[in-house]
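Engineer: Using the sequences and the hints, build the whole thing.
Protein chains: 2
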Amino acid sequence: MLGLMQNHPLLISSLIDFAARHHGDGEIVSRRVEGDIHRYTWADVQQRAKQVANAIDALGLKAGDRIGTLAWNGYRHLELYFGVSGSGRVLHTVNPRLLPEQIAWILNHAEDQALCFDMSFLPIIQGIHAHCKTVRHWIALCDADKLPADTGIPNLISYEAWLGSQSPDYEWPVFDESTASSMCYTSGTTGNPKAALYSHRSTVLHAYASALPDVMGLSARDAALPVVPMFHVNAWGLPYSAAMVGAKLVFPGPAMDGKSLYELMEAEGVTFAAGVPTIWQMLLGHTSANKLRFSTLTRTVIGGSACPPAMIATFRDEYGVDVLHAWGMTEMSPLGTVCTLKEKHRRLPEQDKMKIRLKQGRAIFGVDMKIVDDDGQELPWDGKTYGDLHVKGPWILDQYFKGEGGDPLKNGWFPTGDVATIDADGFMQITDRSKDVIKSGGEWISSIDIENIAMAHPAVAMAACIGMPHPKWDERPIVAVVRKPGVELTREQLIAFYDGKVAKWQMPDDVVFLEAIPIGATGKMLKARLREQLKDYKLPDA
Amino acid sequence: MLGLMQNHPLLISSLIDFAARHHGDGEIVSRRVEGDIHRYTWADVQQRAKQVANAIDALGLKAGDRIGTLAWNGYRHLELYFGVSGSGRVLHTVNPRLLPEQIAWILNHAEDQALCFDMSFLPIIQGIHAHCKTVRHWIALCDADKLPADTGIPNLISYEAWLGSQSPDYEWPVFDESTASSMCYTSGTTGNPKAALYSHRSTVLHAYASALPDVMGLSARDAALPVVPMFHVNAWGLPYSAAMVGAKLVFPGPAMDGKSLYELMEAEGVTFAAGVPTIWQMLLGHTSANKLRFSTLTRTVIGGSACPPAMIATFRDEYGVDVLHAWGMTEMSPLGTVCTLKEKHRRLPEQDKMKIRLKQGRAIFGVDMKIVDDDGQELPWDGKTYGDLHVKGPWILDQYFKGEGGDPLKNGWFPTGDVATIDADGFMQITDRSKDVIKSGGEWISSIDIENIAMAHPAVAMAACIGMPHPKWDERPIVAVVRKPGVELTREQLIAFYDGKVAKWQMPDDVVFLEAIPIGATGKMLKARLREQLKDYKLPDA
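Going down the list, the protein sequences come from chains A and B. Numbering-wise, our numbering puts 268 at position 112 of the first sequence, and it's gapless, one number per residue. Numbering-wise, our numbering puts 191 at position 35 of the second sequence, and it's gapless, one number per residue.
The hints are simulated quantities; they were obtained by calculation from the structure and are not laboratory data. These numbers were taken from a predicted model, which means no experiment stands behind them. A hint or two may mislead.
[To be verified] As a list, the in silico SDA-like pairs of lysine to any residue whose alpha-carbon atoms are at most 20 Å apart:
| id | chain 1 | residue 1 | chain 2 | residue 2 |
| --- | --- | --- | --- | --- |
| 1 | B | 558 | B | 349 |
| 2 | B | 218 | A | 158 |
| 3 | B | 540 | A | 177 |
| 4 | A | 548 | B | 181 |
| 5 | A | 350 | B | 162 |
| 6 | A | 218 | B | 165 |
| 7 | B | 683 | B | 347 |
| 8 | B | 500 | A | 452 |
| 9 | A | 548 | B | 534 |
| 10 | A | 558 | B | 158 |
| 11 | B | 691 | B | 592 |
| 12 | B | 526 | A | 173 |
| 13 | A | 500 | B | 196 |
| 14 | B | 218 | B | 377 |
| 15 | A | 500 | B | 331 |
| 16 | A | 526 | B | 173 |
| 17 | A | 526 | B | 328 |
| 18 | A | 640 | A | 614 |
| 19 | A | 526 | B | 181 |
| 20 | A | 548 | B | 163 |
| 21 | B | 500 | A | 423 |
| 22 | A | 500 | B | 423 |
| 23 | A | 548 | B | 173 |
| 24 | B | 500 | A | 180 |
| 25 | B | 500 | A | 183 |
| 26 | A | 350 | B | 158 |
| 27 | B | 526 | A | 548 |
| 28 | B | 526 | A | 180 |
| 29 | B | 526 | A | 327 |
| 30 | A | 680 | A | 348 |
| 31 | A | 509 | B | 181 |
| 32 | B | 548 | B | 534 |
| 33 | B | 526 | A | 177 |
Structural biologist: Here you go:
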């Protein structure tokens, strides 16, 4: 027997309609690529998103067609979020930090019909447009008079000219909430990038969950600053959740240096900010050097990579700002866990609270998680045992666009590629990447733990721990080390340094001294390349 | 093109599984019918809800079968919430304050197969069981040794004996999220009561929305006390939203006097409470008389009827407790609006904030509302114009159980039966019931406004305003008045009292002095009966 409640699909167009109707004068403030500050309201976003929808109709694009964006965080990008998805097309946000040939590859793979780009990226488009087979419309996110005369890009039009003649009257189509709304390619550290294809349902459910008090805690009293880019996993869904609750949005544009961010936060009364640790490092550098304080900021969500303990402590103790450690993935829309303490933790000593805050946090309702061993058996939530982290839920990927890579699920769960512990209170902590963990005699050794110890040695400039094949133990860890210039360090000295810091069986079997360890574009060590480099290496006892 | 996210239905069983897994040691504290305090955890709720599911299976009940409850707020009722709905049956909560014959009528109409009742209600069941044609299983919510020997009720079993032998292992069935989960009959002021039939989808979406910061703002740091009964619109959904966020739940059982509530709140660290104004009046009476303070309570949601301004002021100014005015209906699961101020209101003078707090508040995302005139034309949101309040959304009724009363919707919107204004910021204020508003010459006059002015006259004990047929104006207001004992008051004096308080055309045409005005069981004036009583009345100029 079915219930007798009304049947309304969860659609992204409802979010912008709600924001315009209930928070019509709520502000959206953007630092533009041009450098100046642009200011308007949720009612304006709705009007212009409807102009976008009419403009797309005028291009003759069909439902489900992909429209790419190559843009910073700003109001025009926001209009595209609602106008493209609301009208039934798929918003494809592209990461401008990729190499031009990767961008062209992605546009071709997604079969984008149109591409909207900030003028910062004109040189990229000039370089690749001839190789983008499906893109028929190039739209520069600027005023008509800002468009250079001879770009060499056929059919290039300015966004404002494109919208200019369109009506702000538009009736959003109503369709199945499982319809695709937006897509984002993963960074693709191995092989070609693959795309997550989000739906209206997954996006709206994610918005509800992410605004909850124990997650981002968003309300109509907030001014939210997404420093996390709108070109990567929809700025953690903030454009949607802000519309849902009527929060003010503040966009930094391309100016993400400490000074620019700080000035914007103070000028606009920002209460909430979201970003990766490196951004906050720059911000804290600026505030510390200039003895500045935050007058309205109450909390910041930090994700993307593990947040250094010192940063959490500095934000809390020196600035009175709560840091919420979070974890997610492109394949998870992205939010999986956020580290908010429970009532039972309220009276703990500060150092015990800090231990919890360093974890990636608790799952949000809508995300199920478990850790499993090599055989897929679930492991206990004791805060010590670690295993492969698997997740499932309505905003988690079922398969990649075009089925690339085959079925990614294991028994209905998505393997995150992370190794983690989960404690009895449900707080998860990432300990390693699955492909980097060393499996020795049925036990797992965290490569990160081994590296961190080596890094703590005064003679070590950089260290990478990888597993090497072993006839008896399957794998044994070795540590590749770059010595600091002019400093002595022997294999024996470094191995002795591990004494008392890890169990005997976790200690590295060998040390390999190198001139350099391969590093990728985002600053992460490329262990796959290191393994390739050391392919002829043999363990001392193997 | 469909998105490629996982397909997980929104099910009530997921809520209890989530609470048990992530907040397994989170407490549920209940004052029992027996008077003592019972204390256990979300993990226990899950185990016993699964025992309930196995026990229902053992009775041979089918998916969709209705199971009734006649019970106070307490842990066994909570187990039934999850065990009945989670196993695919429909939880039918029945209001024990109805007349026994009404209860029997409702059980028959719902075709309940089983009924679970608190021992407080044994006399009711003894009186009606022979008239309940479909109920085959009577379950008393008590220990086996508390069951009297000769109740006269066939097949009566104690809840604990019923659960006792059942396994706590149970795999929740997975089904369409639109499946019926629970039902609640309206009070039925006109004609027979009609039932809203909620779905798993509507319940889970409502839980997400009601936990948002601008709604109830629930988190794992809260201890929530639902004084609103679980037998009426699921205690405003608190059992579900508390499970979703891992909040502690505190149940008052039948003891809703000021002293019992206060002691429970203090003993259990209650941070959040929800109830109707009369309950809080009793609570404030107790705290005021005994000069008590709330040490943990931060906020209370008040709904069910309009909250007196003095109560909001007392809670805020004397106790430092935020009062959130809310509005909803049985047909709305129930939440429609909650009055939380926006950032723009933060710097307003206190008296201006109070004017906003007296409104029923802003719509939650998921609820669309509008006010319309007699022709169904939408009226402006100016805070002055009033019209019939219509709503729509995924947790709002589409039709009543068994299609009773035909199609209740108008152009896809549910007419609430309330008359309201909505201001430019989206704050809605109920001004009257649709059936009581007086329609005079195309303009509407609020009967409540006219009554409130009369009530402010020192000689008036009670006043009721109703519309009377008029050949030219359709209707004109008259006011029926009960004078205070031994006080003089003439028609002319009272009409003169309206001078300057309302526009000329809104002033009552006549005053009718009565010995008494008919009052219903819940303390509300019965205007239908008053109209019947005055059916031969003629307006002076009609």
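Engineer: Check the structure against each numbered hint from earlier and tell me which ones fail, lowest number first.
Structural biologist: Of the numbered hints, 4, 6, 9, 14, 15 and 27 do not hold.
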